[in-house]
Structures are given as C-alpha cells and as structure tokens.
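Q: In case you want the letters, here they are:
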Amino acid sequence: MNLEELKKIREKAQKDVELRQKGSRIRIVVGMGTSGIAAGARDVLKAFVEEISRRNLNDVIVTQTGERGLASQEPMVEVFEEGKPVVVYGNITVEKAKRLIAEHVVNGNPVSEYAIEVM
Amino acid sequence: MNRVRNHVLISIDAGTIMAGARAVEKALTEEIVRQGLSDEITVLETGSIGATGQGVIIVVYPEGVYYGNVTVQDIPQLVEEHLLKGRLVKRLLLSELPKQHVVTKEKTGLLKEQPRIVLRNSGIIDPENIDEYIAREGYEAIGKAFSLKPEGVIEEIKKSGLIGRGGAGFPTAMKWGFAHNAPGDQKYIICNADEGEPGTFKDRLILEGDPHKLIEGMIIAGYAIGATKGFIYIRGEYSLSIERLEKAIAQARQYELLGDNILESGFSFDLSVMKGAGAYVCGEETALIESLEGKRGHPRLKPPFPAIAGLWHKPTVVNNVETLANIPEIIWRGATWYRGYGTEKCPGTKVYTIIGNVATPGIIEAEMGTTLRDIIYEYAGGIKEGKKFKCALVGGAAGAFLGPDMLDVQMDFANLKEYAAVLGSGAILVMDEDADIVDMLQSVLHFFKHESCGHCVPCRLGTAQLVKVIDRIAASKGIKEDIEKLSNISDVMRDTSFCPLGQSLCLPISSALKYFHDEVYARIPL
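Here the protein sequences come in this chain order: A and B.
When the letters of the first sequence are read in order and numbered with this note's numbering, they come out as residues 1 to 119.
When the letters of the second sequence are read in order and numbered with this note's numbering, they come out as residues 1 to 526.
This list has only true hints and no planted wrong ones.
If you want a taste of the chain B side facing chain A, the calculated C-beta under 8 Å gives, among others:
#1 Leu-119
#2 Asp-131
#3 Arg-204
Computed spacing ranges between beta-carbons, pair by pair:
#4 B:Met-18 <-> A:Val-94: 19 to 27 Å
#5 B:Glu-344 <-> A:Asn-56: 53 to 61 Å
#6 A:Arg-42 <-> B:Ala-277: 24 to 32 Å
#7 B:Pro-183 <-> A:Gln-14: 41 to 49 Å
#8 B:Lys-477 <-> A:Ser-112: 53 to 61 Å
#9 B:Gln-73 <-> A:Lys-12: 52 to 60 Å
#10 A:Pro-85 <-> B:Ala-23: 36 to 44 Å
#11 B:Glu-433 <-> A:Gln-14: 49 to 57 Å
#12 A:Asn-56 <-> B:Lys-90: 27 to 35 Å
#13 A:Pro-85 <-> B:Lys-468: 53 to 61 Å
#14 B:Glu-264 <-> A:Thr-93: 49 to 57 Å
No lab work stands behind these hints: they were computed from the structure.
Glycine residues also receive a C-beta, built at the ideal position from the N, C-alpha and C atoms.
Take the sequences, apply the hints, and build the full model.
A: Structural data, given as structure tokens:
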C-alpha cells in the first residue's frame, strides 16, 4: 500500500461511516471496554440486538466502541439519530435497554431519567 | 415472505395498563386475525409514549397516527376503517401529540468538556475495525513522518516538548535521540503496557479502545530511532486489550501498514505482543527488558541505559502507552499545535485515573497544569455525599498524599517536583474526611512488601520492617519511636535502593506524616 491508497481507504471509510448513518435511522453504540463489560455491557448489547430483531426494526444498527472514561456510569450507550442531538445514557441494564428501544428508538422519546448527556 | 404493511404500537405502561391496555391489545390481535390481516400487520408493545390521561394509546406506523382512549369496543371499527380501508378514525385521534422529552446538559452536567488528544478515539470508534480508525485520519501521520527524515521526526517531538508519561518525566525526544545515535545493527522499540500501578487503568482505555493509535505511534517511534522490531509488553490480566491489540496488528499487517516496505517508503517494521506475569517491578524498564528476554524480572544496573544497551544489549527505547499515543497526533498536527495545550514546561494533556470517594470515578484527560481542585470538583463531580476533602494520593502507590493546601497547585511534572510530589502514573485516589490514614498507609506498605523483588537488601528488608511497624501502629500497639522509624527506614531506602521501587517509598510516608502526624500519633497508646 502507498499513501495514495491509504487516502482512498480513508475516503471510502468516511463514506461508509456516513452511509451507515444514512442507511439506518438510528445507530446505537454500546461502550465495550473492560469497565463496561464488567458492568454488564455484553448482556446489554445482546438485549439491544434481540429486541431489534424481535421488533423487526430494519433501520436500527448496533455497534460497539471502547471506553470513554466514565467508569461509574457503565454500561454506557449512545444513541445517534440524524438531525438530532446524540443522547448518552448511563448505567444501562437489560431492562433499561428494552425500554430505550421502546421509548427512544420506536417512539422517539429520549428517556430523561437514564440520560447523562445530550451532545 | 410476509410483507408487513403496518406496525401497530400499543403503549404499555402503568397508566395505560390501568386503562385496560392489555384487554385492548388482546382484542386488537384477535380482530386482526379475524379480518385476515395478520400477515400484513404486526402488533408491538411499546413503552410510555409521553402522553398521560389519554387512556389506552395506539400508534399506527408508518403513518404515525396516534389514537387515544381506545377501548375494546373501538377495535373492530379501528381495524376495519384504518387498517383495512386506510381511513382515519377521527373520533379517536389524539387531540394533541405527545411532546418530546428534552434533556439538557445542565440537568445532567456529568461530563465536563475535556481536550482529548490521547483519548480522541476511545469510546468513539469501533476498536476492532481498522477502517474506523483510518476514517479519523488514522495512519496518515506515518506518511508525514516518512516525508521527514528520522532526525526530522525527533526534532518535531523535541519541539513539541513531549515528556514521557510513564511516571519518571523524561523528555521523549532525548531518549529517542540517544537510541538514534547509538551504534547498533539492530534496534528495538518497546511499549511498556505493564500498567501495574495500583489504581491506574488509563493505558487500558487506549489499548482496548484505540489500539491502532498505539501501533501507529510505535511505527513512527521505530522509524525515528531506526528500529525494525517492536514489542508491546502488556500485563497478562488485560485480556481484552491483548485480544484487541492482536486483532489490530493482524489488520494492520493485512493493510501492509506493518511488515516490509510500509507505504512504499523502504522502511520495514513489525510488532509482537508479549504478556507480563504480574510483577510490579516489571514496570521498571530494565526489569521489563529482563523479563522480555525470558529471565527473572530484576532491574539492571544503570548505566548503560537501555537507549545504548537494552534488549539483548541492543539500543532500545522503552515508552509508555500514553506517550506513544501522543506521537501520531503531534506528527500529524505539528508541534506548534501541541504546544497550545498544557504548560510551558509540560505541554499537552495528561490522562488521569480518578478513583476513591468522588461522585464520578473514572478516566479523564485534562490539560497539563490543571489543578487538583478542578480535577476533583469539575471533572469528577466533587466528593461523594457532600463530604469534606481530606487528601488525595496522587501518582499511584509510590506517589504522595496531597492535602487541602495542594488543591490549587498546577499539576504537571515540573511543578509538582517543587512540592516534593509526583505526577507518576496519573492515578488520583481521593479520600474524604472519614478515611483512615493509618489504614491507607498500611495497605500501601503491604503492597510494596509484596512487590519488592528481593534483588537488593535495602528494599527487601526495608519493606518488611516498615510493614512490621505499620501493623503495630494500626493495632494500637505502637511506641512513640515508631513514627520516626517509618521516616528513617524509608529515607535510607530512598538513598540506597537499587531501583525506583524502593527509592520512592519515602514519598507516601513522608507526605502522610507531614499532613497527618497527629492522626498517626493518636494511634499510639500512652
């Protein structure tokens, strides 16, 4: 690979990220660092995936990321929706994940009590 | 394949259940089956919709029509009119659409904005996907580094004023310069990822959240000093970090960002991950090198320094994870940009692990020179349950206790030295008014006794004696001379121990006695 090819990969990757955002109405990102996993992020991620397939939500995707540093708030979940502020949720459990799908993703109402930041 | 035409959501929460939502749901499902629509229409339960006092609420998608006060008797009409014939049932329409809940930052106020250089991608990108790193201009710093000569890279790092983040506070460019100039047919770059300082887990965030940044930093470091081989010495307990690093290395090899002739520059470089076995002393660079060579992890006599004769007696640079994670950003954005952060003597940011009695423990990245007060009260939400600040152990177990008079001191490597304190690994353990200093000291000393490698006499015997004394004091069986003994032993250890493990123990002891002499004294029976 040379520098030109790297730049091409970058452009393509940036487009992919954009497309991924456009092709889906909502992107849910679960923090999967050690703190998050210790606090139950794997189960939360699984709950999101199951709930999404159960409800046939074709326009919602779930991805993972590392840790942001707010260990006391793990598992942390971010919900990206085009044209809307990003909502960051903290201390999410399997039950709360189901409620997030029902209320935020399906009904469009962010759940204030779980939210820790809006960006 | 079934083609679902409509989704009907029925809100199930405390209010709607009271209004009979379950019965409506049952009637709705049955009616849909009865009218032969079950292949085209799906009924889903959903949570609160944000409207109260409107009875049972049903929403029909994709139209997004809201019906309120729906009863079992309304169902046949609703299904027939709307779902079958596509006509709205006007009498049931919700007069007012539920308002969106809005959450404001003020209300939550947990995350104070941080300048993120090192942690730029941690918690943002998918660490297991190299494309996401590349999308954020990843690996382009390598290209820029190759366009400079190795000397040019070292010069840029020198201009940035980057200081090693491992704890000793040594200028990175100087270390690189020594290794670059040292004669040798083979040179090595080692990343010290043996993050063993109690209460520190900042490197873990980079290792598992942004492994490619470390790889990129190591390629640049290798290029600058002329090393073709790099090792990441990582603590064995970091299983997730190891897994992600190995995945990242494999992806980088696939993209030919590791291997021969990287980016057609003629420079070749490859990386291996080596697992440590949990000895604290292996965080010391020469003990780490011994361990990497397959020997017992004992420190070496310095000089010669590793930059002249390190791994297998070849010129070697050992850098901390955080140091190396700074490199791509400095090369890509330039030294001048980097100097825009932090203080004159210590530019850039520092990643802190903040734990103990604070409201929101975790990891923060703050500019060098940020005060302890800001870190505790602005970033970490203050002391838990509104209690009073007693002290903070800054820099890890080998750090110093800082009392309330140190809250407003600018923290960087140079400035803290003047106050006989260290930044160390960037661990900040905060204690509130209820914390017991003897307890704390006891646990620090026990840790050191456990981790002393036994190589030199002062540390081996000194730590054992200190534990005896502190155990006696903690059991309220001490004598007056014990307090003096603590200082004396640790002072001798500072002057005579072989490596920093024994040398640095005087810091927690002297600082604890400086602030809390009376509290320790009170434990001694009259």
